[in-house]
Amino acid sequence: MAEDEELGLPNLPRTGVILCECGGLIGGPIDLEQLELQASALPGVIYTHREAFPCSKDGQERLPKAIEEHKLERVLVAGCSPRLVEKLFRRAVQTTTLDPGYLMVANVREQAALPHGDDPQATLRKAAGIVEMAAACLITAEAAPPRYGKVRKNALVVGGGLRALSVALALADRGIPVVLLEAEKENRESLYDAQGGNRRLAQERLCAVRNHPGIRLLQDVRLMAVYGHPGDYEARVALGNQTISLQTGAIVVANEAAPKPLGNGHWFDRTRIKTQSEFAAELEAGESPVLKDVVFILCAEESQLQHCSRVCCAVGLQQAIRVKQHQPDANVTVLFRELYLSGIGGSQMAELVQARNLGVTFFRYGQQFPPVIGDKTIDIQDILTREPLRIPYDRAILSMPLIPGGNTRTLSTLLGLPLDEYGFLAEPRTRLRPGSYADPGIYVLGSAQQPADSAEALFQAYLTSARTYRFLNQETIRVESPVAKIDAGLCTGCGNCPQVCPTNAVHLERRDGILSLSTIDELLCVGCGNCVVVCPVKAINLPGWDNQEIPAQISAALDERQFKPGQCKILTLACEWSAYGAVETAGHHKTPMPDSARILRMNCSARFDPFHILWAFLNGADGVLLGACKPGECHYGMGNLYARERVEVLHEELAQHGIDPRRLRLEFFSVQDGEKIATDLANFQRQIENEMADRGHMPGGVHMPVKVHI
29 MAEDEELGLP NLPRTGVILC ECGGLIGGPI DLEQLELQAS ALPGVIYTHR
79 EAFPCSKDGQ ERLPKAIEEH KLERVLVAGC SPRLVEKLFR RAVQTTTLDP
129 GYLMVANVRE QAALPHGDDP QATLRKAAGI VEMAAACLIT AEAAPPRYGK
179 VRKNALVVGG GLRALSVALA LADRGIPVVL LEAEKENRES LYDAQGGNRR
229 LAQERLCAVR NHPGIRLLQD VRLMAVYGHP GDYEARVALG NQTISLQTGA
279 IVVANEAAPK PLGNGHWFDR TRIKTQSEFA AELEAGESPV LKDVVFILCA
329 EESQLQHCSR VCCAVGLQQA IRVKQHQPDA NVTVLFRELY LSGIGGSQMA
379 ELVQARNLGV TFFRYGQQFP PVIGDKTIDI QDILTREPLR IPYDRAILSM
429 PLIPGGNTRT LSTLLGLPLD EYGFLAEPRT RLRPGSYADP GIYVLGSAQQ
479 PADSAEALFQ AYLTSARTYR FLNQETIRVE SPVAKIDAGL CTGCGNCPQV
529 CPTNAVHLER RDGILSLSTI DELLCVGCGN CVVVCPVKAI NLPGWDNQEI
579 PAQISAALDE RQFKPGQCKI LTLACEWSAY GAVETAGHHK TPMPDSARIL
629 RMNCSARFDP FHILWAFLNG ADGVLLGACK PGECHYGMGN LYARERVEVL
679 HEELAQHGID PRRLRLEFFS VQDGEKIATD LANFQRQIEN EMADRGHMPG
729 GVHMPVKVHI
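First residue of the sequence shown? That's 29 in my numbering, and the numbers climb one at a time after it.
No lab work stands behind these hints, which were simulated from the structure alone. Treat the hints with caution; some may be incorrect.
The list that follows gives simulated cross-link-like pairs (lysine to any residue, SDA-like), each with its CA atoms no further than 20 Å apart [to be verified]:
| hint | residue 1 | residue 2 |
| --- | --- | --- |
| 1 | LYS178 | HIS257 |
| 2 | LYS320 | ARG338 |
| 3 | LYS99 | ALA69 |
Have a look at the derived ranges for each label pair, beta carbon to beta carbon [said to hold, decoys possible]:
| hint | residue 1 | residue 2 | range |
| --- | --- | --- | --- |
| 4 | TYR176 | GLY686 | 47 to 55 Å |
| 5 | GLU330 | LEU229 | 45 to 53 Å |
| 6 | GLY56 | GLN395 | 55 to 63 Å |
| 7 | VAL565 | TYR176 | 46 to 54 Å |
Just so you know, these numbers come straight off a predicted model, no measurement behind them. Where a beta carbon is used, it is the ideal one built from N, C-alpha and C, also for glycine.
Sequences and hints are given; from them, build the entire structure.
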């Protein structure tokens, strides 16, 4: 510290480094005495200590004492996975003067001790590099203060049918006021709920909803806009010629899927060819004539080969049984490709047995030879004998695929919910990040998410009502994770950041003068960092992942002192939800990895910034590997797709300026891909070493001047 002052440098935070022995798992392969010596020489480090188990009760008690005794302003624990113990240590220091946000855990066990344990020198170099990276991050780090938000004690349920009614009743019975919006008059019950007993149950619950004092039922309404953040939403609803505003703490979407209409584009005689939903209406109304030959065709459309609607088979069975019960002499045939039978307690299997006992005939057809509907017969090929069959019919019932309700895309936009490849809603992904961000208080169930029979949908309804009640039962929402912050003095109001935010947390607001100002809802922000990358004037920063901490770690990672002379240097920017987890998996299984690879944990691949990649090359990186979630698995929506697009652009820029674009690679991983990431790193290093040998270059950086424009 004194030396820094003499050189005119600003005082660095007083940093302490705790080295964990982990019962010999770390202390055995790594020379902790030498590692402690190197750590004590790092800028700002005024205290180092070795502990057998810092995470033990005794270790947690000694840590606050060391903080107070040495007046520590930053603490680094070099041990195992931060995902396992970082929260534990931060809770342990809450009673001290140290902000818990200034405590960091660096993983030297899975990244150094376990995969490189047979090479003491390589293990020490790797561990020293990891500690130096973490210390560099701590010096420049900015702690994120917790944010709080109130929770309104009421719920808004969107949808109709048995699922929405069940959720509304379950919440209202527990004292939660509910507003139920039936947004689509023509889509208030599912195909499965339209069957006999299910319809009666839905009608009973509708009557209970209408008479419940805690439920307000609004029918034939349209949701127009949703504002606010978790626990405190404002929904604007069109009711007739007026617009009403509803304040709510949580939103439940329970829309029903609708059968795809057959339309009039077929030559079929529409008086004899019906869809399952049309035939269900006939049966309920008692309008079905006396029939002699009835044929049910399951999976009647080719799209059902890729996406099963899950309820059509059960509906077909129930309708076949009803026909035989009312007209025992009728010839009833079910043509099927596969029979999907679920049902709680084997109920649908029992219906199959009942149908066969009643005399229903089942024919299975092959995917390559679907039924052909003629004027008087339906032609199929027997899948066993390969012989053609002609089945007469005077009524054919087609099972059509279930498609999302008409307002599904609108709800997706209003609520910020992603759509799957078939157009159904998907809930925000919160797995693997419990407690990191605010639960949005938006829940999706039933056929809005995926078609389901009534038994499964009722289970979903009760489960969702319990989740919603738990969310609404808290007084306030507390979020401790970092969120993006905007420098109003630098923001030009360009509008880039709202376009890429996965949670609609960024908005433009008018201010005096010409330029607008971007603002961030702190309870909606999940800290993916996408907005930081797209900001052209760097007016946005993200504590923990900003444009000071990441370059500082990159510089430390590529420090020549941590490598053998002439050793190839690989920097890996690893998304913590995928590639970083894969590195830990590889280390846990002691899978060998290149000791020259340095892993920088990133919050999301959306934060992969081209400027940071160029900074790595300018600081001596021979190769940069970017590790992202697999397509469709990003925890923040489309962060990995943005990363891929930016890498493609950067590849072109690097090539134009004489840098081999193969030195930058983007790979996709899951947490289980420990073997894959170890192999990819080894192959990447081998590729770069071969290319440099061919060109006569030595490892260590750009090899020529670079001026790259991104």
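Now for the hints, and whether the structure bears them out:
1. LYS178 <-> HIS257: holds, 10 Å
2. LYS320 <-> ARG338: Roughly 29 Å between the alpha carbons, so the hint for LYS320 and ARG338 is violated.
3. LYS99 <-> ALA69: Distance ~18 Å between LYS99 and ALA69 Cα, so the pair holds.
4. TYR176 <-> GLY686: 47 to 55 Å: holds, 52 Å
5. GLU330 <-> LEU229: 45 to 53 Å: violated, 34 Å
6. GLY56 <-> GLN395: 55 to 63 Å: holds, 58 Å
7. VAL565 <-> TYR176: 46 to 54 Å: Violated: the Cβ-Cβ distance is about 30 Å, outside 46 to 54 Å.
In terms of the numbered hints stated before, the structure departs from hints 2, 5 and 7, listed from lowest to highest.
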